[in-house]
Amino acid sequence: MTPLAARATASCLRVYAVGLNTFREAIRNKVLYGILAVVVGVNLFALVLGEMSLSEEARVARDVGLAGVSLFGAITAIVLGVSLLHTEVQKRTIHAMIAKPLGRPEFVVGKYLGMAATLTLLVACFAVALAGLLHLQGVPFAGAVVKAVVLGWLEVLVVAGIAVLFSAFSTPFLSGIFTLAIFFIGRVTPELRHAAARARDEWIRRVAEGALAILPDLDVFAISGGEHQGVPVSVHADFVPWSYVGDAAVYAGAWIVLLLIGAALVFSRRDFT
Amino acid sequence: MSAAIVIEGLTKRYRAGLRMRTVNAVASASFEVKRGEVFGFVGPNGAGKTTTIRAILGLIRPTSGSITVLGTRMPDRAVRAKIGFLPESPYFYDYLSARELVDLAGRLAGLGRAERRRRGDVLLERVGLARDADRPMRKYSKGMLQRAGLAQALVHEPEVVILDEPMSGLDPVGRKDVRDIILELRDAGRTVFFSTHIIPDVEAICDRVGFIVGGRVVDVGPVADLLGAKVLGTDVVLRADDAALAALPLTGERTRRVGDLVTVALGADADVGGFLRVAAAQTMIVSVTPRKESLEELFLRWTTSEEKSA
Ligand SMILES: Nc1ncnc2c1ncn2[C@@H]1O[C@H](COP(=O)(O)OP(=O)(O)O)[C@@H](O)[C@H]1O
Ligand SMILES: [Mg+2]
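So the sequence lines, in the order shown, correspond to chains C and Y.
The numbers in this note's numbering rise by one with no breaks, and the one at position 70 of the first sequence is 70.
The numbers in this note's numbering rise by one with no breaks, and the one at position 78 of the second sequence is 1078.
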């Protein structure tokens, strides 16, 4: 192995150690099981709603199930993400870690990956619950729904990155508010585009343009019910092709890398006292 | 060979409180820790010990000054592989067991699985946690956490061991265990730098000490030198009744009687020989002891003189 490759391997092993520890913390935390219980509850609720709406069973199940992935996934990402780095600093658990030959960027990336693994497990549980629900109703779990779940998962990972960036320098409460605000704004990008193009007020146009320029466009991941290349798309009828999901993954990956670089830069400058 | 730790002109300034008043937690501190020695970093609460240690490990960025460990200017990630660190009132991931904590520390230091397991078993046994090693640390007492902290600090066999208040919160047995571990480390050729405000521990195990008060390093040297330089006087114990005592050439020296024994505290510049000749004729001399300053007194003297000047 070349010296560079050896160093890269050692670095990856340290990131893995931090990630594994973070994942361990999450799965030993009772709150996570509370969220899982809520998700199962929501799916049962969807079943009941579907029964009441007779012919619309499958539609309701898909809508509620996918909304569950997106909403509970994002909420879990925010809850876990906003305290991810802050708690380490506040409880001083980071002191013994950073005293090891562990770089601060490695620590940030490891923490993020551990949380991403937790969120992935959670989304997988959502998907299994949704599949079970659809199966009960005799509807196949395929194509459009799988793509929608993958898109929802990508969005959750981006939201987690936003929360981690704030967590590198702010309190969980403020980080939560900022992240929720960005999540909300990121979801109304079609309306922002509309405002940027048509608003009569100069300032509104500018603000909308600015927001579009610097914030992630989360609507990319919640495409069902919207339009893609001028054509309406829906999980119930015509959905986006896999190539769209691939592009969305690249977009999500780019954002996550940017957010983690930002978090690592901020975190590297801090005093831990 | 370079020293283990060299600190030159280290200053750390904090802004604190609503008015953002500046506080020099450490003010132009300079001292050296030699390889293979046990160095006690001694000072009252708030003196700047923890701040200095955090700067060495790169947890905080010094306002000015330089820190060199094993010949390399800090911060340096690779050098930290040769340092073991026990934080003050250690707090670790409480959902882990001590065994898992030591394993994590070993991973971060780049040890393989077999090595981690082997050293983990030995260390957990050595710090007296073998029986509780698999319980979550949430259920540990402060002393047990301290022991787990020592194990995670030593798993990669570091050349330089830095311990922040390793004996605080421990019972006498625990303190003795930690002292023994420090001496074992020295016997194995490692350097130990530890902070404390417990003086008997320093007298028992340190080769050299540094006093820090109000952010300033005020005195550094071998324990014997710091103490030996100052003879404060001589204590003479006599067997004498009040009449015999009255016949001695005393000029206001402090005396204390216990039964028929009298202790006379002669001053530093007293004519001890002259006094003893007279005393030998009048009474029976039981013992003669030069009175040296204890580390405790030295510590108190530094602390109060700095407080006055502050
Ligand atoms: N983060 C901080 N902000 C402001 N002041 C601090 C901070 N950390 C330490 N100090 C101050 O610096 C001084 C030295 O503290 P410390 O190094 O913890 O002392 P010691 O470890 O010797 O008890 C104290 O007066 C403390 O109040
Ligand atoms: Mg301290």
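It should be emphasised that the hints constitute simulated quantities derived from the structure, not laboratory data.
Among the clues, some could well be false.
[Unchecked claim] Here are the simulated distance ranges between beta carbons: (1) C:L13 x Y:G1189: 22 to 30 Å; (2) C:I214 x Y:K1034: 50 to 58 Å; (3) C:G41 x Y:N1024: 50 to 58 Å; (4) C:Y16 x Y:V1173: 35 to 43 Å.
Because the structure is a prediction, the values reported are computed rather than measured.
Yeah, the Cβ is synthetic: ideal placement off N, Cα and C, and Gly gets one too.
Against the structure, the hints come out as follows:
no. : hint                         : verdict
1   : C:L13 x Y:G1189: 22 to 30 Å  : 28 Å, holds
2   : C:I214 x Y:K1034: 50 to 58 Å : 54 Å, holds
3   : C:G41 x Y:N1024: 50 to 58 Å  : 57 Å, holds
4   : C:Y16 x Y:V1173: 35 to 43 Å  : 38 Å, holds
Checked against the numbered hints given earlier, this structure breaks none of them.
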